[in-house]
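Starting from the given sequences, assemble the full structure and let the hints guide the process.
So the sequence shown is numbered by our numbering: it starts at 7 and just counts up by one.
The hints are simulated quantities; they were obtained by calculation from the structure and are not laboratory data.
These numbers come from a predicted model, not from an experiment.
Check before you lean on any hint, since a few could be wrong.
What the hints assert, rightly or not - No farther apart than 35 Å at their CA atoms in a straight line, the calculated lysine-lysine pairs in the DSBU-like style are these:
#1 70 - 114
#2 80 - 106
#3 151 - 70
#4 47 - 26
#5 26 - 136
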Amino acid sequence: MLPIIISGMPACGKSTLAMKIASRFGLRFYAGGDALKELAKELGYKEGGLDWWDKEEGIKFLSKRKESYEIDRKIDEKLMNLLKEGNIVITSYTLPWLYKDAIKIWLKASKEKRIERVMMRDKVSLEEAKRIILLRDEENKELFKKLYGINLGEDLSVFDFVINTDLLDAEKVSKIVMTIIEQFNERK
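Printed below as a string of structure tokens:
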């Protein structure tokens, strides 16, 4: 089975989908954000929780990453090596542009839906969720444009499939993607 890369803007459902895929097909699951958190911890940042990126330490680490692109290059190299090993589903902002031989899926979600998801997931106010999404969108777009020339969320030409997660719940999205993966691998 080809490795699978799930991408999309923050709070679009990447990790939820990737975990379901891993469970269904017996694949390893690795979140690109987890690799960054591990490195942040090694560098002395306090790591913790799914919402870490939305908290002060995660935002500080994002600023640090902008000072040195070596952090992201190192992580992307690690993730590409994992993809080469196979039997894996990875969430990543950048790998769809950097790695060729994988099934690449973009999860599309409106800002409003992503804000709503952050409010529910992180148990924060509407204003805080909006601040988090706008900041993370801006910071990620700027970082990856400077690092690799990627227009995150705009250039979807590298993706095999784009799925709008505003229209379907997580279970329906996963059923669609499971069918796609099964059909994709049958033709190989």
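We went through each hint and held it up to the structure:
| no. | hint | result |
| --- | --- | --- |
| 1 | 70 - 114 | holds, 28 Å |
| 2 | 80 - 106 | holds, 18 Å |
| 3 | 151 - 70 | holds, 16 Å |
| 4 | 47 - 26 | holds, 27 Å |
| 5 | 26 - 136 | holds, 27 Å |
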